[in-house]
Amino acid sequence: MRGDLAALLRLEIQGLKHRIGGLRHESRLKLFVLFFFGAGIAVFLFALSRAGFAALHRNALFSEPILAYLLSIFFFATTVMLTASSGIIAYGSLFRSEESSLLMSLPVKRRSVYTIVLLRTVLLSSWAFVYFAAPLLVAFGTARGAPPAYFAVTLVAMIPFALVPAGVGTLLALLTAACLPRGRRAAIVILASSVMLLFGWIAFGVLSAEESGRPFSGAWTSALFDKIEFCRNAFLPSEWLARVVLGSSRGDRVWLPFLAISTTALFSIAFGREAASVLQSGAWLRSRGGEAARSRVVRRGAILAPIVSAVFPQPVRALVSKDVRLFVRDPRQYAQFLVFFSLLALYFANLRSFSYDLKGDTFVALAAFLNLGAVGLTLASLTSRFFFPLLSIETRRFWVLATGPVDRRDIVRGKCAFGFGVALVLSESLIAISDTMLGTPPELLLFHGAALAFLCVGLSGLASGLGALYPVPREEEPAKIVSGFGGTLNLLLSLGLVLATLLLIWVPTIAIVSGRRPPPLLSPAASLAAIGLLSIAAAAVPVALGTRRIRRLEV
Amino acid sequence: MIELRDVSKRYGRFLAVDRLTLRVEPGELFAFLGPNGAGKTTTLKMIVGLLRPDSGSVAIDGETLRDDSAGLRAKIGYVPDRAFLYDKLTGREFLRFVGDVFRLDPAAREGGIARLSQTFQMAEFLDALCESYSLGMRQRLSFAAALLHRPRALVVDEPMVGLDPVSARILKRALRDEVKAGVSVFLSTHSLDVAEEVADRIGILSRGRLLATGTLEDLRALYGVGSDLETLFLRAIGLETGP
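As you go down the protein sequences, you meet chains W and S in turn. No gaps in the numbering here: position 507 of the first sequence is 502 in my numbering, and each next residue is one more. No gaps in the numbering here: position 13 of the second sequence is 740 in my numbering, and each next residue is one more.
Check each hint, because a few of them may be wrong.
Claimed, not checked - Restraint ranges, calculated between C-beta atoms of paired labels, are given here:
1) SER861/S <-> LEU341/W: 42 to 48 Å
2) GLN848/S <-> GLY35/W: 45 to 51 Å
3) PRO833/S <-> LEU333/W: 32 to 38 Å
4) LYS899/S <-> HIS13/W: 37 to 43 Å
To be verified - Examples of chain W residues lying across from chain S (beta carbon under 7 Å, computed):
5) GLN309
6) PRO310
7) ASP325
8) GLY399
9) PRO400
Source of the hints: derived by calculation from the structure; they are not laboratory data. The C-beta atom is built at its ideal place from N, Cα and C for all residues, glycine as well.
The shape of chain W in the complex, shown without the other chains (with noise of 0.2 Å):
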């Protein structure tokens, strides 16, 4: 390959070589912690995922009809998520990093440029999604006795699939910044509310399932599969890779499917390359002008940061505020999470259309343990996510905190208390929704009040103090910051606080819900204890070491 994206490209390499390189330099010690989470919670989905198929088999679910519409549904619904991260990644990486600035001034041919920029959506957007889809996906074909090639073909067919959004999400980053002069507030404002009013159109159909019977019952189940059928739509990709699953897993030959799904990923590429050398150039231009938005961007976060920063001394009172502003002042930072937490805010706040607060003690309790489950794990997301690039974020700026009179210690409190403050209020607030509409004891909402508050605290210790004991003081772009070696460990952990806390809730919930007295050891007492106990030392051992790191950090 000649020209300028070869040069792109061998750039790209030569960057990889030198981080791959750069592990030699690293403690074995680390590494090994890595793997060893890594590995650990791979093993733990696997099986989590084998006892979910379990159950279904068990439960007379495990037919293919319904597994056709499980593996369509997770399917699309990543698809669309996969979407939406891509778009959001790759307008940054496009129209609002420094890189992009130097690429346009050079005589690069700007498919060259959309081509290297959707190469590394891919790579942030995805890992995720293959990380956590493959241990189910083998699960599955255990569950199922699938022959050798379904392996096989499987994940290879993971690769295609995840270039299809990463795809779709490129170009539409570059149609919005080409359509929409106002840029980034725009553009983050359309991705986001196409992507609600596309969940609130699948949570509508679930909704109003529920009028075709009492739930789970069999009219009500065929309804509800009516109303979602358009998830098993023939032209979707997500359909294409469930077919692909589904078939390989009997033993088929599904040539077909994983066919459409690759030449669908190529046209995707092909059709955003020539997209770009049209509008690449005009659409830069349009992102780098708004003044009049900005000047509304300003008057956001001016009332809140006083308020929510008061209650904290100097100066991390200072610190605080100044994180609330950049906070609520950059769209790009937190709304997939806004769309994640109005969904389930959404979900929760309709659950007694489910009625399943009249289904019993068992089932009331099974629900809100798995919301309170759901909220942990997307408040996970969002403090690896935004929370834990922040220090790194911030070391560029060490110029005027590092040389001013502040303990560098009050650089990562002010860090961990923000983050903690946000997560509080976000996950509190769903989970008191969640609560009341299940009609669940006052007893429950308390526990589940104060577990989640220390899952704040260990999440958003653990964010902030790996974030000060890892940080990549030369990068800008937080998706970049989340995918080295500290980001990686730290969402590796607080998904391990998770399930750790959801393991020491679910007894205590059963016992509040159905009123027996629980075992000592597991009364919500001990429980939120050893919740606290665990919390406490998950948030205080990395703050430590982060604090003693960043005080020491050369910049």
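We have chain W already, so just place chain S on it with the hints.
For chain S alone, kept in the frame of chain W given last:
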């Protein structure tokens, strides 16, 4: 007063600063001249505490700078060569943030912002987001941030690179005003014109070693050149020999 005593700094095998000893008195502007990689920025970062010397010590007003000397750092103002600002804050919010970090009371902080807004002619853009600033605006804001808490020592790294004549004039005037007010100013620059125009004393650094210090006249006498500072500089770092 800024004082460096036998300060050295290594990056792996590379010796960036080699046993550097010098002193900048109150009310004096000391300009550090040197080619790229001479160790100027490393020296400045050690003065402000962003780097730790491998040996030797840095003192401000006679007090040695340590990792935990937060109070002492309040006496220092620092303007880096490339000041990264918070793009999503306005200039005024940024200055308020700096004032809070330095624990200024609100009245002093707002008074300082008003004073510096006038000094650096920032009124027109102070309420806009930093992401919309030009290089000159960013540099003026960085200066204002460094001076808001009225430091006793001001450390400035390459302040004039890329600036338009108006911004450059404003900054030079501000530097001289600080000197008049008794501040010790330590300035690193590539620009011989700037050094000639604003410095009371000049130091020439090459490969981490201080080759000479003195007033312009002292250096001219030392290297046997007339009025040409460029020849003097090249001769000092060994790239040109005498007649």
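Here is how each hint holds up against the structure:
For the pair SER861/S and LEU341/W, the beta carbons lie near 44 Å from each other, so the given range of 42 to 48 Å is met. Between GLN848/S and GLY35/W the C-beta distance comes to about 59 Å, which lies outside the given range of 45 to 51 Å. A beta carbon spacing of about 33 Å between PRO833/S and LEU333/W agrees with the range 32 to 38 Å that was offered as a hint. A hinted range of 37 to 43 Å holds for the C-beta pair LYS899/S and HIS13/W, which are about 41 Å apart.
Contact between GLN309/W and chain S, as hinted, is supported at the beta carbon level, the nearest pair being about 6 Å apart and thus within 7 Å. Nearest Cβ of chain S to the Cβ of PRO310/W: about 5 Å, under the 7 Å cut. The hint holds. For ASP325/W, the suggested interface contact is upheld, since its CB lies about 6 Å from the closest CB of chain S, less than 7 Å. The interface hint given for GLY399/W is met, as the beta carbon of that residue sits about 5 Å from the closest beta carbon of chain S, less than 7 Å.
Given the 7 Å rule on beta carbons, the hint for PRO400/W holds: about 4 Å separates it from the nearest Cβ of chain S.
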